[in-house]
Amino acid sequence: MLRFILRRLIYGVITLWVLITLTFIMMHNLPGDPFANSQKLSKEALAVLKKTYGLDQPIWVQYGSYLKKIVSFDFGISFNYPTRTVNEVLTQTFPTSAELGMYAIIVAVLIGLTLGVIAALNHNKTWDYVAMLTAIVGVAAPALVIGPLLSYFIGVKLGWLPPALWKGPEYKILPTITLAFGTLATMARMMRTSMLDVVNQDYIKTARSKGLTKFAVVFKHTIRNAMLPIITILGVAVVNITTGAFVVEQIFAVPGMGKFFVQSITTNDYTMIMGMTIFYAALLIVAIMITDVLYGLIDPRIRLSKGGK
Amino acid sequence: MQTVTPDKFKPATHAGNKERVVRKSLSYWADAWRRLKKNKLATFGLIVLSLLAIFAIIGPFIQPYDYQSQDYAARNIAPGTAHWFGTDDLGRDQWVRVWWGVRISLFIGIISAALDFTIGVLYGGISAYFGGRVDDIMQRIIEILMGLPYMIIVILLMMVMGPGIFTIIVALAAVGWVGMARLVRGQMLSLKEQEYVLAARTLGASSWRIILRHLIPNALGIIIINVTFTVPGAIFAEAFLSFIGLGIKPPMASLGSLVNDGMQVMRNYPYRLLCPSIVFSLIMLSFNLLGDGLRDALDPRLRK
Numbered sequence: 001m002l003r004f005i006l007r008r009l010i011y012g013v014i015t016l017w018v019l020i021t022l023t024f025i026m027m028h029n030l031p032g033d034p035f036a037n038s039q040k041l042s043k044e045a046l047a048v049l050k051k052t053y054g055l056d057q058p059i060w061v062q063y064g065s066y067l068k069k070i071v072s073f074d075f076g077i078s079f080n081y082p083t084r085t086v087n088e089v090l091t092q093t094f095p096t097s098a099e100l101g102m103y104a105i106i107v108a109v110l111i112g113l114t115l116g117v118i119a120a121l122n123h124n125k126t127w128d129y130v131a132m133l134t135a136i137v138g139v140a141a142p143a144l145v146i147g148p149l150l151s152y153f154i155g156v157k158l159g160w161l162p163p164a165l166w167k168g169p170e171y172k173i174l175p176t177i178t179l180a181f182g183t184l185a186t187m188a189r190m191m192r193t194s195m196l197d198v199v200n201q202d203y204i205k206t207a208r209s210k211g212l213t214k215f216a217v218v219f220k221h222t223i224r225n226a227m228l229p230i231i232t233i234l235g236v237a238v239v240n241i242t243t244g245a246f247v248v249e250q251i252f253a254v255p256g257m258g259k260f261f262v263q264s265i266t267t268n269d270y271t272m273i274m275g276m277t278i279f280y281a282a283l284l285i286v287a288i289m290i291t292d293v294l295y296g297l298i299d300p301r302i303r304l305s306k307g308g309k
Numbered sequence: 001m002q003t004v005t006p007d008k009f010k011p012a013t014h015a016g017n018k019e020r021v022v023r024k025s026l027s028y029w030a031d032a033w034r035r036l037k038k039n040k041l042a043t044f045g046l047i048v049l050s051l052l053a054i055f056a057i058i059g060p061f062i063q064p065y066d067y068q069s070q071d072y073a074a075r076n077i078a079p080g081t082a083h084w085f086g087t088d089d090l091g092r093d094q095w096v097r098v099w100w101g102v103r104i105s106l107f108i109g110i111i112s113a114a115l116d117f118t119i120g121v122l123y124g125g126i127s128a129y130f131g132g133r134v135d136d137i138m139q140r141i142i143e144i145l146m147g148l149p150y151m152i153i154v155i156l157l158m159m160v161m162g163p164g165i166f167t168i169i170v171a172l173a174a175v176g177w178v179g180m181a182r183l184v185r186g187q188m189l190s191l192k193e194q195e196y197v198l199a200a201r202t203l204g205a206s207s208w209r210i211i212l213r214h215l216i217p218n219a220l221g222i223i224i225i226n227v228t229f230t231v232p233g234a235i236f237a238e239a240f241l242s243f244i245g246l247g248i249k250p251p252m253a254s255l256g257s258l259v260n261d262g263m264q265v266m267r268n269y270p271y272r273l274l275c276p277s278i279v280f281s282l283i284m285l286s287f288n289l290l291g292d293g294l295r296d297a298l299d300p301r302l303r304k
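Sequence lines, in order, name chains A and B.
Quick note on numbering: the UniProt record's numbering labels position 145 of the first sequence as 145, and the sequence is numbered without any gaps.
Quick note on numbering: the UniProt record's numbering labels position 105 of the second sequence as 105, and the sequence is numbered without any gaps.
Every clue listed holds true.
If you want the footprint, here are the derived chain B segments under chain A, 3+ residues with CB under 8 Å:
#	stretch
1	148 to 159
2	261 to 267
3	281 to 291
Hint data in this document are derived by calculation from the structure and do not stem from the laboratory.
Don't be surprised by glycine CBs; every beta carbon is placed ideally from N, CA and C.
Start from the sequences and build out the full structure, keeping to the hints where you can.
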């Protein structure tokens, strides 16, 4: 077991290193100059600027100092706003994004799984069709479609909820629904399939013939076993919700990391993009790693086939 | 109630060819097609998709406008007989722009899926065929790539290569093939061990015959299912990138950028948000319904 965790950990570190290096290489081949917006700079001033940012040194020296900084969690200063450090921006915007992401995950998992269970227990009845319809809408209308539509119909037309911004609790409902919806639909669908799979297993028949109550069979035997495959997609769900936030925060003007990330892209803010990319990637790589380990812990079959040799 | 008469108990005659199979034997594909046609949702998806494809081809040309010429006399016109989907704030015809967006979406979706398929089958096939050391190294590379968050890498690539249809396809292909490669390798490895392959080998079939007649046809179903889900994935990725301003370069229209533009003005001109949103949803919906139908029709494990 320890070996399995260690193995996943090593892979995580290598993946992170590959990503950090990739980011570095890409940023150095970017079109556009970070100082292009300030054309009135003299040559001397430009040289001084390049020196302060270390852009005059050979590339491998830059790479070395870059790696050293990353390891000590120092992502540098924004190219466009010299008074802002990347860390500052991260600490300012991350809590908002984390809050939104957390709500979305909770809503997606709770409602998605419930819907899946209800659908499976009422196989081919009304509730089943409701759940399946939700799943279909979920894939057909991703956040970038459903977000503006919700904002328009519920926010502007009906005026039930504020169409944008991030202030009181009522502002948080629409962004959460938008961000959660796709994952919720996937969860419902997966849970339904998984439940229907489990229901036909022999141990459920055994549990029933032992005379257990329906409640015990459903909760103790069916749901618990049906949850297993769901854990594998939790990592994917976290990834989808994090990247989905780029769009959702844009739509609802939420002052989070995603909105800032997109802004940095449009203004060629190199250090900002690099810092944020690495932060995002580290977050997601860790999330994937945790779900992998979790799955290994819960289902011994995975650990034996993957990490056993 | 059925009446039972004595002549029902007469012994059967031996005339005629009893061994003859009355029903024509169906090939795997004919059988899959028959099952797909029976699936109402999948048929609906297929019909909608065909209509969308037809409109994508002829749509921009049945109206006398193009996607970029601006007409300041006709700004922000609501949908009507002259402009079926209305016009935007520069007086460009939305109908033409939406169908150009669909053209781009379908093009990117299909080309990316084809590239994913080619790279994935080659990589997975080589990995499975050679096995041993080569397979080990190739699988380690895949394991590292699987850990990288897809969208973030695509965004990075797009920033380096700049916006445009071509760069989107390259960026999506650079990241998208990994899943396919994994799938193909897994399929090949498990199929190689099947009894019918052993049987074919015992009967003296050559390696080529086994690969062409046994391995590929048997893996193809699952590969095709994967491809049908890759297409909407790529279409979504393009819309996502265009939405955050990294995809298609203006003045060319993309469904993602049209939705984004429409969102800015939805209070006054809701049709500018609704038209591209509905069309985009239809594309995603029909591909997914078709994909689901194909999965049920092609995957032998789901057969009842």
